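The listed protein sequences derive, respectively, from chains D, Z and H. Under this note's numbering, the first residue of the first sequence is numbered 1, with each subsequent residue one higher. Under this note's numbering, the first residue of the second sequence is numbered 1, with each subsequent residue one higher. Under this note's numbering, the first residue of the third sequence is numbered 1, with each subsequent residue one higher.
Quick caveat, the hints were computed from the structure, so don't treat them as lab data. Keep in mind that a hint or two might mislead.
Stated by the list, open to error - Capping the alpha-carbon separation at 25 angstroms, the derived lysine-lysine pairs in DSS-like fashion look like this:
hint : chain 1 : residue 1 : chain 2 : residue 2
1    : H       : K66       : Z       : K281
2    : H       : K2        : Z       : K276
3    : H       : K30       : Z       : K358
4    : Z       : K243      : Z       : K281
5    : D       : K83       : D       : K38
6    : D       : K4        : Z       : K214
7    : D       : K4        : Z       : K155
8    : Z       : K371      : D       : K4
9    : Z       : K358      : H       : K66
10   : Z       : K2        : H       : K66
11   : Z       : K225      : D       : K4
12   : Z       : K258      : Z       : K298
13   : H       : K30       : H       : K168
In this text, all values refer to a predicted model and were calculated from it rather than measured experimentally.
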Amino acid sequence: MGEKVTIGGIIYDVGNSTATKTGTWRVFKPVFDSDKCKRCGICAKFCPEGIIEITQEKGAQANMDYCKGCGICAEECPFDAIKMEVEKK
Amino acid sequence: MKTVMEGSNAVAHAIRLCKPEVMAMFPITPSTHIPENLAQMVADGDLDAKLITVESEFSAMSATVGASATGVRAFTATSSQGLALMHEVVYAAAGMRLPIVTTIVNRALSAPINIWNDQQDTISERDSGWLQIYCETNQEAVDTMIQAYKIAEDKRVLLPVFVCMDGFILSHTYEPVDIPEQKDVDEFLPPYKPEHAFLDPDKPMTMGPFAYPKPYAAMRKELSKDVMKAKAVVKEVHDEFAKKFGRSYGNGIIEEYKNDRPIAIVAMGSVCGTIKEVVDKRDDVGLVRVRCYRPFPKEELAKALKDKENVIVFEKNVALGLNSGAMYPEIKDVLYSAGSKARVNNVIGGIGGIDVTKENVENFIERLKDKEGVVEFLGGDPNE
Amino acid sequence: MKEIRFHGRGGQGAVTAAEVLAVAAFKEGKYSQAFPFFGVERRGAPVMAFTRIDDEFIRLREQVYKPNYIVVLDPTLMEVVNVFEGMREGGVVVVNTAQMPDLPEGVDVRIVDATKIALEEIGKPFVNTPMLGALIGVTGLVNIDSLVSTIKERYPGEVGEKNARAIKRTYEEIKEG
């Protein structure tokens with residue numbers, strides 16, 4: 001009896017971390033102010049999840065499926081364009 | 001072609017014939033002549049391999065694991081402290097099921113520092129999941145290198161292999177060796193075509209991942225079973241080699257030499273040549289040479305030893321804290337399980353390079369033939 | 001089985017001499033084995049090397065304790081180590097020296113000035129190869145042609161030619177006694 005395993009424990013269906021929607025862990029969420037945002041990309045560089053996208057049209061936007069609400073983006077933004085608000089569940 | 005050449009040089013030729021694609025090596029006595037010879041072959045264009053000159057043995061084994069994980073045939077060689085420094089990665093290589101072959105030129109471990117032969121270095125890796133094959137002659141080392149890749153890469157095995165040869169006694173000795181032809185080796189050993197672990201951007205995979213207790217335990221259990229199952233492949237590959245090249249070493253697992261006598265000496269490596277000389281002069285003693293030490297040949301040894309009056313286990317290692325050699329309790333386990341009444345004794349000899357003479361062998365047989373449970377250490381006097 | 005022990009100092013080529021003799025014997029269809037005394041190599045330190053020659057594959061792995069023949073590349077070693085130790089009855093010692101040294105009783109010692117010959121023929125004090133010429137001149141362990149061809153294969157070109165000339169001279173000189 002026991003777990004079924006592959007040889008050497010090799011994982012062939014890679015990329016399976018996207019199946020875990022870490023966005024549900026959130027207490028705070030970032031709110032991006034498109035007018036204040038200068039599209040500099042600093043928030044995207046600091047985001048530990050790598051889920052912030054910068055577009056000319058909308059400025060910074062986070063993929064909320066995976067945003068854990070850590071607030072690093074808001075802390076790093078030089079233009080005060082990101083505010084952390086309590087997530088309403 | 002049969003020529004007289006140094007053991008290390010002969011083994012380097014065997015490795016060249018196996019066409020490894022990556023070799024990561026760091027020199028250490030007495031294995032140094034192997035990387036030296038291989039580096040020369042690469043420089044001369046006789047071997048098309050990537051040679052990585054790393055800064056330590058830890059890196060040597062790490063780079064070898066990395067190379068093997070991309071799906072190429074990889075090689076490294078070391079001795080003693082070098083193998084000890086590799087230890088962490090040695091376990092990873094087996095757990096990741098990478099078919100690496102490593103030549104170990106056996107040497108004592110510190111402290112005190114000693115550059116000479118014993119087998120403490122590989123014995124200390126006996127639980128790592130690597131197969132271990134010990135050679136008696138330089139010809140056997142050459143032939144075993146070629147067999148080792150075929151064993152390691154077999155789909156039923158996929159485990160790394162240590163080919164063990166005694167430092168100086170084999171590595172630095174000139175003796176006749178038949179180096180096989182490339183064409184014959186190519187026929188025997190096809191290119192490595194990995195199906196389980198390789199680098200392909202279109203087919204990404206994760207190797208050596210984190211595992212929770214249950215999958216970890218399941219993988220260790222599988223590994224343990226698979227290492228035991230590898231024995232059949234060691235034998236099969238040995239037999240196939242014997243058929244093609246005309247050279248065999250016992251049954252590939254153990255070699256019984258005049259083992260129809262009441263006393264049997266069990267030993268590994270080059271010392272078996274000297275023991276055979278003594279066996280030829282007596283009528284009460286035979287030799288059982290353990291060639292494949294891991295997986296441990298329990299069934300073969302039970303059959304070869306269970307009806308003996310006396311079994312003398314000769315070892316070039318010390319299991320500190322047990323006050324015997326490492327194989328002594330293993331042989332006792334085999335005999336106990338077989339319901340044998342054989343008396344078992346243990347000789348620890350050849351430690352740190354002390355010479356083991358015919359006289360030594362004669363004398364320990366005389367001292368131990370009526371004894372039971374004695375563990376003795378040879379001190380290096382040729383007449384002891 | 002014949003066992004030969006070479007005494008030299010680190011750098012004099014005792015190990016090479018043992019290997020060359022093994023290769024030459026193998027050329028004649030015999031089995032051979034050569035190995036150094038496994039020490040820490042240091043230029044100038046006393047070193048030993050061994051050759052075994054037999055009609056069958058040599059399984060024995062112990063060091064040579066009772067040599068049939070002993071070769072001493074440097075006579076000053078005789079003051080430092082007992083080069084006669086363990087010599088078999090009927091054994092011969094070949095020493096590189098111009099003058100017969102003081103000897104213990106009952107040893108058969110042959111001398112040749114290999115240093116002089118090496119300097120004249122090779123231009124450098126490489127005494128290991130000429131001492132092989134002397135050894136086979138005394139013992140007939142292998143014939144001179146096998147030895148010379150082994151040397152020429154190992155050292156192609158002019159170096160091999162020079163060594164071959166030195167070997168032939170010591171071989172002849174020691175035979176003439």
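Do the hints match the structure? See the list:
| no. | hint | verdict |
| --- | --- | --- |
| 1 | H:K66 - Z:K281 | holds, 19 angstroms |
| 2 | H:K2 - Z:K276 | holds, 19 angstroms |
| 3 | H:K30 - Z:K358 | holds, 23 angstroms |
| 4 | Z:K243 - Z:K281 | violated, 31 angstroms |
| 5 | D:K83 - D:K38 | holds, 15 angstroms |
| 6 | D:K4 - Z:K214 | holds, 10 angstroms |
| 7 | D:K4 - Z:K155 | holds, 18 angstroms |
| 8 | Z:K371 - D:K4 | violated, 50 angstroms |
| 9 | Z:K358 - H:K66 | holds, 13 angstroms |
| 10 | Z:K2 - H:K66 | violated, 29 angstroms |
| 11 | Z:K225 - D:K4 | holds, 14 angstroms |
| 12 | Z:K258 - Z:K298 | holds, 20 angstroms |
| 13 | H:K30 - H:K168 | holds, 22 angstroms |
Comparing the model with each numbered hint stated earlier shows that hints 4, 8, 10 do not hold.
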